[in-house]
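Protein chains: 4
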Amino acid sequence: MGRVDLDRVRDFVRTHCIPREDVAHMHNPLALDRTLAELRPIARELGLYLPQLPVEQGGLGLTWVERAAVLEEAGRSYLGPGAMNCAAPDQPNMISLLRQGTAQQKRDYLEPLAAGRLRSCFAMTEPAPGAGSDPSMLRTTATRADGGWNIDGHKWFITGAVGAAFAIVLARTDAGPTQFIVHTDNPGFRLVRNIRAIDPFAIGGHGEIVFERCFVNDDAVLGEVGQGFAYAQQRLEPARLSHCMRLMGRAQRALELAQQYVNERRSFGDRLADLQQVQAMVADCHIDLHASRLMTLDCAARMDAGQSVKTESAMAKVFVSEALYRVADRAAQMMGALGMSEDAPVALILRELRPFRIYDGASELHRATLGRRFLKLSQGDSR
Amino acid sequence: MGRVDLDRVRDFVRTHCIPREDVAHMHNPLALDRTLAELRPIARELGLYLPQLPVEQGGLGLTWVERAAVLEEAGRSYLGPGAMNCAAPDQPNMISLLRQGTAQQKRDYLEPLAAGRLRSCFAMTEPAPGAGSDPSMLRTTATRADGGWNIDGHKWFITGAVGAAFAIVLARTDAGPTQFIVHTDNPGFRLVRNIRAIDPFAIGGHGEIVFERCFVNDDAVLGEVGQGFAYAQQRLEPARLSHCMRLMGRAQRALELAQQYVNERRSFGDRLADLQQVQAMVADCHIDLHASRLMTLDCAARMDAGQSVKTESAMAKVFVSEALYRVADRAAQMMGALGMSEDAPVALILRELRPFRIYDGASELHRATLGRRFLKLSQGDSR
Amino acid sequence: MGRVDLDRVRDFVRTHCIPREDVAHMHNPLALDRTLAELRPIARELGLYLPQLPVEQGGLGLTWVERAAVLEEAGRSYLGPGAMNCAAPDQPNMISLLRQGTAQQKRDYLEPLAAGRLRSCFAMTEPAPGAGSDPSMLRTTATRADGGWNIDGHKWFITGAVGAAFAIVLARTDAGPTQFIVHTDNPGFRLVRNIRAIDPFAIGGHGEIVFERCFVNDDAVLGEVGQGFAYAQQRLEPARLSHCMRLMGRAQRALELAQQYVNERRSFGDRLADLQQVQAMVADCHIDLHASRLMTLDCAARMDAGQSVKTESAMAKVFVSEALYRVADRAAQMMGALGMSEDAPVALILRELRPFRIYDGASELHRATLGRRFLKLSQGDSR
Amino acid sequence: MGRVDLDRVRDFVRTHCIPREDVAHMHNPLALDRTLAELRPIARELGLYLPQLPVEQGGLGLTWVERAAVLEEAGRSYLGPGAMNCAAPDQPNMISLLRQGTAQQKRDYLEPLAAGRLRSCFAMTEPAPGAGSDPSMLRTTATRADGGWNIDGHKWFITGAVGAAFAIVLARTDAGPTQFIVHTDNPGFRLVRNIRAIDPFAIGGHGEIVFERCFVNDDAVLGEVGQGFAYAQQRLEPARLSHCMRLMGRAQRALELAQQYVNERRSFGDRLADLQQVQAMVADCHIDLHASRLMTLDCAARMDAGQSVKTESAMAKVFVSEALYRVADRAAQMMGALGMSEDAPVALILRELRPFRIYDGASELHRATLGRRFLKLSQGDSR
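Protein chains in written order, with the working numbering: chain R, 1 to 383; chain L, 1 to 383; chain Z, 1 to 383; chain C, 1 to 383.
Careful, some of the hints might be misleading.
No copy is singled out in the list; a pair is fine if it fits within one copy or between any two copies.
[What the hints assert, rightly or not] Calculated lysine to aspartate or glutamate pairs in the EDC-like style (CA-CA distance at most 20 Å, straight line):
1. K310 <-> D284
2. K106 <-> E312
3. K376 <-> D270
4. K376 <-> E322
5. K376 <-> E264
6. K106 <-> E56
7. K376 <-> D284
8. K106 <-> E256
9. K376 <-> D274
10. K376 <-> E212
11. K376 <-> E312
12. K376 <-> E256
13. K310 <-> D5
14. K376 <-> E38
15. K106 <-> D5
16. K106 <-> D218
17. K376 <-> D22
18. K106 <-> D284
19. K106 <-> D174
20. K310 <-> D185
21. K310 <-> E237
Keep in mind that the hints were calculated from the coordinates and are not lab data.
Just so we're clear, the structure is a prediction, and the values are computed from it rather than from any experiment.
Between the sequences and the hints, there should be enough to build the whole structure, so can you do that?
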């Protein structure tokens, strides 16, 4: 598989990441950063660093199909993708900078991100009545000021915000929604707090941010003024597929832990593994993972071929996010009380997987959009 | 796609098969045979006949991957696969004869089957306490008689039996289970009745058969004495995947009919297509079909590469049989009262799809077997 | 339980109804009528006739709670409710006549219905673009003619129409929707055909009817002109609860047949009853039936207390229709191939239960209505 | 409803408990105890204290049916049941002491528990290979020593252990399993740690405990020697029903929060409450809660009538635990990102509800037991 030996990734995760997993990382982005800082040099030395960037940017230059397997292996531990610098939100931010950034912006932001010297976030979501699923409700504004812009607004659930050096911010201008690069030490940028969410190991947490007369120069604009939504759409498809890949590894690990448990634990005279209900749960987990992998790989192959995956990636997002959650839920159930504790990471994996049915577009939103699209396509269909 | 233009198959099914669909075919295998006899010359002329056999045997020589799409298109109508002579049970019987038949048996049985001059069936299942899911419970016996064998036993749910010219019969001998080719005009062969099952359009119905001192010569043995189970296993994987392919077409058609209906029908001021619950049902149908196709194609590609699909085909059988049934159930639901009637074929497609969750191994059986296999594999797994 | 000994109902159904079940009744309302005609005198003699009518009308005068158990027992066979004259659509028609009928109408229509001398139907549903789920789309009209009305329109899926002596017809007048009693031998009434639906044993089938200048006198109006919808709403709640009760019996019987089967059938060395997946399916069936009974009984008790069950009956309709279908589906699955055949009635029960998720308001419609009602109620909720 | 005005309970929870909910209580049993200590005097003053005990013991003497509604109201906040001293494990421990305790034990343990002067726990579950679901695997032993017993063993997931004054311990003796009352300051009793589980607000946490030559006098035996299992079984049915009641309140509250959210939040031009998928989710939540209440009340009425609820309480446990979890999961989903955060308590309620599908017998265990019981009952069933 590609230019990366998967066994080496697996080995790295088992030997270096999993032993460093620690409940002290929960809702503690800075502690998590310290551990990632220990891991990155090891990943780099092993040739596992930056799988998603081209070789010219210091990456491994993998195709999407190759990445699928690498990200799954990395994702077995919540520390893996961060260690290999292929975690959200830095990964899609690097892709945005690569596509829309000026030469100067690449030097200033892409290079240090790729090198792992700093972290970033992507500030789009707003509390009600602002932009949630519907970007047209965007309320953060950027207004012209001499030689630049003043940004005002309120953002939350900004993954990665705690400890980030800069944010890519979506704000409304007279010419339409626009993306700006904002340093977090800008006096107009205020990180209100880290929102404790059900998934406790997000790199940089989930920040609530207030922008108050936050002045940025013209060169803070990323890409063209007024194109902010279009860019956001472009980043979404690969971003959600990368999530599918990474979280697949987490679900696979939960399943393996459960299998190990039921192979050993006895009850009422039987090994749990000998009980048909347990066997059926194991089978359903494998079926869910198998279908999830095929749907993800199908998108990866299409992206490598330069095809649109608008529909396929939305179908994959819905199916995979729900299938992986079912896998983790069954794994926890098979392990009984132990599956409920933080001793086994399965309950924590369950918590990490839950938001994926919401983040990057809730299942209900995707279903409605997909349904409308298919129904429209089928009009006039005379077969 | 392969050496067959899919549009031509689609066209054949739309123009020739669907207009000939008729509730008078229900539980009436001979009426169904008459319609198929009209359709086969057309299919042959259009170059659509026998997609699954090698060119030497008069087939189209398609790979499994090519077949997947062709069988799906054929399967849009219950008449399609029979018309193209790629329907069960003749299709797997031809493959068995090709693999295990002597030169003489190929001339006597494979050739006329391929030519469509006669039909056949595969007689394995027995009423309780005989062989159902568990072939080791086989009670039909074949005992040595001079120059041949006497077969005694009771079989039922033998798809294709009504109107069949011969049966491949699984019977127990001293040397183990063995397959025999038995002419249905053998005086020891008695077709008791056609069992009316929920799926009303099975070619040759579902027969109940009694064998009473049914004498056959030694050359009636198919393959080696004692290898009957092994052969039966071999035929099962491709047989169930072919079912997946054909029935995918049926489910796809049900969905299209439902889409057409909800695009037009109004209720409480809205087109049904504008209601989110309907949109979500449509999306789920497409997701189910997409995943089903990918799982089936994955097996097809493996079979083309000569790999075992023991595990993958069982996972596909469980998922696809359940997913297609969900698709047909939602399609019927979307169409309301009309979806319950024989006016729209959706209710009939629902009935045709229901047994696939049982035939070729019930979902529960596959889940238990898969679960045990995965749990065994995971033992000693130290990742 | 009430004034009817349930064991006597059970006995009647076992001894007289089930042995008379016959696939020759499928889509053959007149054959079904002949069998019911044999059964009714027996039911009357046993004191089981007309449980739902008051004693003054010749009924047993049971409360709703008492009826719940009696209708469930009757419903074990598709012949039971008809034999006891508590089947749809005559049962709700009798209740309508009792409530809205004049003394003359009671003598002319209610009495012979109650006596079982004739049958009736309720003609509301229309093909697209007419009234389906949404009664406001009603297109059948009744226009003033001297001394009466001319009815014109097209109805379908009119359960009970074949062999009915009269229909209660919903038609639009200048003063609003109105119910009319129309004799089926009226020259303006034409039964086009019996629509074959997935449920094969509906008494009087599902008719398609055309009204062409169908003249009726003023005394054909049932209740007040313009109140047709209000009356239709009134009949719906008890009608759907009666369906829940009767079909509960059918699902219960399917489960018992499956239990008997798995207690005897062996596979791979075990009785099927010893397999955990089978045990879990049995448990889920009982849980579904238990919850269904409690929801139905809760409505019955409220109706006996004169309370509205607008919300509770809609919740019960959704839950019970889906739960009973799951029960029948699992029962069929447990019985394998036999569960797919008409030998065991389970596949037929599955077919009978499927439309209940649609008739009397599709699950999706009830969910949307219930959801809106609860959401409205919760507004301003400050708890 | 009973001798307790439900509005007063609701009021108490809204006014006193919910404002004191605090994420600082997570995995911090002692902080939680301090808050409960503030609340109990208020509950007592309001006449809401100890609903489950007879009046003679200082309780409110409610029947089970009365308790159902009171416990549901209390359970709207995780602080409610503890404040009213009707929380697990003290509640079932008081019932055990009431039933099996000597007069002296009642004075020493029941009275202070009822007064809220101390807390207790019930120590049954052991780590593998000890007693989990299967009590026959009990490995903790009590061996005769002069004038008493020495207890040795290892327990975990002992809810309530942190801060408890005594434990009721199940240990194996020569005469069979026996319950002992053990002071937690006994030198042979060692609380190893608080196991952090997915439900963060358990009173007294989930303790891991080691018993090492833990000597107790003869009067530490609760009830009769050898009857420990029988007593444990007796406490289980009411205990799990009380859980159903309390957790119903939590699920109900999650739903109300979600309803409030979707009534206000807009997306793509609609209020979320106007979207059919949301309406359907709301409807399903109410249906789940309605069925859950009816199943719980049915058991309560049977218990009040002195009937066995062996089967009904197991059916209720399976259904209610799964239904409530579905309610909380849908509520979280409806609230989007906010539903994932600790800002809204919904994500926390989701975490609190997850273990109920495992604690008190996993769903799979109950399903297998119920299935076997029903299948046995149906043997020889000739209806």
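Against the structure, the hints come out as follows:
no. : hint          : result
1   : K310 <-> D284 : between (28 Å within a copy, 16 Å between copies)
2   : K106 <-> E312 : neither (31 Å within a copy, 45 Å between copies)
3   : K376 <-> D270 : between (54 Å within a copy, 15 Å between copies)
4   : K376 <-> E322 : neither (26 Å within a copy, 27 Å between copies)
5   : K376 <-> E264 : between (53 Å within a copy, 12 Å between copies)
6   : K106 <-> E56  : within (12 Å within a copy, 62 Å between copies)
7   : K376 <-> D284 : between (33 Å within a copy, 16 Å between copies)
8   : K106 <-> E256 : neither (41 Å within a copy, 48 Å between copies)
9   : K376 <-> D274 : between (49 Å within a copy, 10 Å between copies)
10  : K376 <-> E212 : neither (43 Å within a copy, 38 Å between copies)
11  : K376 <-> E312 : within (16 Å within a copy, 34 Å between copies)
12  : K376 <-> E256 : between (42 Å within a copy, 12 Å between copies)
13  : K310 <-> D5   : neither (30 Å within a copy, 27 Å between copies)
14  : K376 <-> E38  : neither (52 Å within a copy, 37 Å between copies)
15  : K106 <-> D5   : neither (29 Å within a copy, 49 Å between copies)
16  : K106 <-> D218 : within (16 Å within a copy, 78 Å between copies)
17  : K376 <-> D22  : neither (49 Å within a copy, 30 Å between copies)
18  : K106 <-> D284 : neither (45 Å within a copy, 41 Å between copies)
19  : K106 <-> D174 : neither (27 Å within a copy, 74 Å between copies)
20  : K310 <-> D185 : neither (37 Å within a copy, 59 Å between copies)
21  : K310 <-> E237 : within (7 Å within a copy, 34 Å between copies)
Figure legend: structure checked against the earlier numbered hints; hints not met, in rising order: 2, 4, 8, 10, 13, 14, 15, 17, 18, 19, 20.
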